[in-house]
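Colleague: Chain residues, written in single-letter form:
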Amino acid sequence: MRISYNWLKDYIDIKLPAEKIAETLTMAGLTVDSIHHITGDAVFEVEVTANRPDWLSYIGVARELSAITGAKLKMPILTKAPGSKAKSAGVAVKIEDKKLCPRYTARIIRGVKVGESPAWLKTKLEAMGLRSVNNVVDITNFCLFETGEPMHAFDLDKVESGEIIVRNASRGEKITTIDGVERTLEGSSLVIADPKKAIAIAGVMGGVSTEVNYSTQNILLEAAYFDPISTRRTSRRLALSTDSSYRFERKVDIANILYASNRASNLITEIAGGSIGELIDIGAKPAGAKTISLEYEKLNAILGVEIAPAKVKKILAALGLKLRSSTKGKASFQVPVFRYDLNNEIDLVEEVARVYGYDKIPVTIPSVIDQPDRMPTDVIVTKKIREILTGLGMDEIITYSLIGRKMLKAASISGEGIAEVANPLTAEQEIMRPSLIPGLLNAILWNVNRKTKDLKLFEIGNIYVKESDSKFEEKKFLSLGIAGENSSWAAGSRAVGFFDLKGIAETLLREMGIRNVSFKYAKDETFSASTCASIEIEGDAAGIIGVPAKKVLSNFDIKEAVYICEISVDAIIKYADMKKRFIEPPKYPSVFRDISIIAAKNVLNADLVGLMRATASEMLKDIKLIDKYEGKQVPDGKISLTYRLEYRDPFKTLEEKQVSEAHAGILRALEEKFGARLRY
Amino acid sequence: MKNQIKQLEQAALQEITSAAVSKDAVEGLRIKYLGRKGVVTELFKKMSELPASEKPEAGQLLNLLKNTVTKALDEKLNSAAGIEEEKEALDVTLPGILSKPGHLHPITRTIDEICRIFISIGFRVVEGPEIETEHYNFETLNIPLEHPSRDAFDTFYLKSSGKYLLRSHTSPVQTRFMEKNKPPFSIVVPGKVYRPDATDASHSFMFHQIEGLAVGDNIKFSDLKGVLSIFAKTMFGKSIKMRFRPSFFPFTEPSAEIDISCIICGGDAQKIGGKRCSLCGGKGWLEILGAGMVNPKVFEKVGYDPKKVTGFAFGMGVERIAILKYGVSDIRMFFENDVRFLEQF
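Each protein sequence line maps, in turn, to chains A and B. Numbers in the working numbering are just positions in the first sequence, counted from 1, shifted up by 22. Numbers in the working numbering are just positions in the second sequence, counted from 1, shifted up by 23.
One should not assume that every hint holds.
[Unchecked claim] Cross-link-like lysine to any residue pairs, in silico, SDA-like; alpha carbons within 20 Å at most: (1) A:Lys320 <-> B:Lys264; (2) B:Lys215 <-> B:Lys264; (3) B:Lys110 <-> B:Ala48; (4) A:Lys336 <-> A:Pro39; (5) B:Lys264 <-> A:Tyr318; (6) B:Lys331 <-> A:Leu95; (7) A:Lys320 <-> B:Ala48.
[Unchecked claim] Simulated DEER-style distance windows between Cβ atoms: (8) B:Glu202 <-> A:Val385: 29 to 39 Å; (9) B:Gln293 <-> A:Glu45: 17 to 27 Å; (10) B:His226 <-> A:Phe521: 37 to 47 Å.
Just so you know, the hints here were simulated from the structure itself, not pulled from any lab data. Built from N, CA and C at the ideal position, the CB exists for glycine as well.
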């Protein structure tokens, strides 16, 4: 909301410069976001919090400023005494829904001369960013800003038979509002109607049919209280937020309606002439004021400061609260009606703290609470994963959890069990990602397009699954992706491959203390049938690794070779063993023996290694593949594999003979089972 | 013989010193003195001709001579080797062979740093779900349905039969945690949050928050000031000033917004040459946090007795902190994942 410095000074005797006032208001909770200096004036852009509708007016802001600074408040003086009658010649008001409209006043003013507004009025409205319409309409707007009470002037002669009915709209009922738009209403919206039609959307906007224009002579000035929730619903449904609806949504001061109506009537007859006629005021009178009690000890305990009772009473009195009773330890206060936000003791504590000054409250340190587990396992494990991966040269990425359906399709991921967003802003936010892979491929694309040669990325984040219409799951996953080449002037360059990524995954799992990991050829829509493996931990499916399918790469417009992997972090958490235990380094030396075999091309490394392990005794400590060859030196359809086997006995130095026997046994087994031949 | 040995020692040492510093020259001298027919070797042979009484002393002296010559020759050889190695000196200005380090995402770094500060003053880290219900996202936090206080929390909803949504703040973890735990405790909650905001340089529909909550029988507003002051000074430097402004959040009361003095101009335009500060816009203050004392209504919703416990809560946007800390100009960069950006952290 805007507040003009000049206009504000109409209501308060204050000499402070604009900047100083802005700071004072800000430090009282009415934040001044910016100050615009215009000719002869300064306009504040203020941010009024939802709890303080009483600040949505000049009088409200002046009242606050007066309470804080002690400067005198100057309320506009009403020169003409208002008339009041329950009935009026030829005018009647009926409220059909007293819940949505507890109070309605209609003031009749006859014989006005609608015309251009005087310059001072135009200037004031311009400062608020409003254009002048005519003197009568401008005065209602002026009074809205001055008093915070939205009012509406109807052309009385256009109100059918002078009858005002406050009722619910019938479903589909239409009204053309003063902005010229025809709007269709729903049954629950409150309207002001005459016997034939709706003539205004209550609290939101007036209708064009009863609009005040230059030919208007007699007016009916409405000042009322409309239900906040109902006004808000209507305003939201119509996507029509006005200065009026904004205030009704936040509750207007029901006790001040008549004052505002009288003030507007005064100004209208002053500026547009005419005479103030009868007033129809129906509905409930404002309820009795609330009384809240405050214990000084409680106040001081919450704030951590000693504020003297006299000071507390002074602060609350300045804010318009009336002291009702006072004992040594506590006092009770009557709250002005416009302070809808004050209902409980804590609300008074806040008022005292706010005006006393947060800056005067001391700085203390709470006593430390004994909490041994300061990091949950999940957090520790993911932190460790990040450490290992960055140590392996991987850069961490964070991609959006919301993605477009298109991305899912592009990655050939099934559309089953997807959590869908009901109100996305763009097509890129339609669904919650069921996989980290689309985001990873996007990040890879972004970087290869920018000529990154050596790309190593990972992400840890949730994926989302819709289990049923009322059950959603979040699962923590890890994605890995590499592309480009390893190159150095010394070693030359080598394109990265599947086994680089597999090595990263294996190292990660090993470092997490996970032992039983296996990679098995797998098929998956997202991956190429040539290069895809499932990752299993202790036989549980834990992830997938490979080369994206050609169509996936082309959907993402990636031309480079990339390798990707996705692993369940929950599986890592389940099997991780982060307890470190010391194992004595071997005392006796190892004996290394190589084994070079020629086997059929379709024989799997895992099967060969498995057989070697199964055959060997306890002595065999490690098997390492050190060479793999296929080409001219070996027959067609065969490959040559060289393994380095490590033998060791923990209790003595191994003898040559023992090792040779064991080694020969392994070779024999390989020959029998796989037809493998020793290669010389 | 004694004299003969002494003379030979002098001559040998002199010849070794003045000889050329090369492997070949040293080898030549080694043969001359220590070879099978070398001068020293010959002297050893002559020892048999000495009377028995002189033999021990002569033997001792000869051994000393042999050691001295050997040592001198070895030293010469080392120098020769040094000169030869020098000829093959490596071009040490060639670039090192890179072992490229990986980098944590700046948001992760910032979350870690913030959590570390709070852990050091006794807080524990807790996480909560991103898919939430209206109950936890709003109702338990005293944000009623169809109330203007919801305006600050535009929210993504999911297509579902219940009112499932993407949490628009990390605060729902407050009430989730309180329902399952008894005070006293102090927790920090990092995580992703979502709001349907149009994306621009300072808005993102997904971002991260860190929530804090401390509840006990004697937690005061002054404690909130103390804890946040430790945080701000550790995060942004000792000279940072803080300002608590009254504000409104439905789940805290009294509520405050917390500003720190501008980390570029410190509120003094003179410091940056009288120009309008690009970071704070000349205000001198930067908003970093929202906080307050837990509203008794929130305690009531989780079954705590507000007469017996008090607490404070705070929340901050991680991207905002990272933007200030690292001087990042556009929030979108955090999610583009350009390695030229990521590798700076």
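Colleague: The structure should be examined with respect to each hint, and the outcome stated for every one.
Modeller: These are the hints, each one checked on the structure:
no.: 1; hint: A:Lys320 <-> B:Lys264; result: 29 Å, violated
no.: 2; hint: B:Lys215 <-> B:Lys264; result: 29 Å, violated
no.: 3; hint: B:Lys110 <-> B:Ala48; result: 18 Å, holds
no.: 4; hint: A:Lys336 <-> A:Pro39; result: 26 Å, violated
no.: 5; hint: B:Lys264 <-> A:Tyr318; result: 30 Å, violated
no.: 6; hint: B:Lys331 <-> A:Leu95; result: 41 Å, violated
no.: 7; hint: A:Lys320 <-> B:Ala48; result: 99 Å, violated
no.: 8; hint: B:Glu202 <-> A:Val385: 29 to 39 Å; result: 31 Å, holds
no.: 9; hint: B:Gln293 <-> A:Glu45: 17 to 27 Å; result: 19 Å, holds
no.: 10; hint: B:His226 <-> A:Phe521: 37 to 47 Å; result: 43 Å, holds
This entry does not satisfy hints 1, 2, 4, 5, 6 and 7, going by the numbered hints stated previously.
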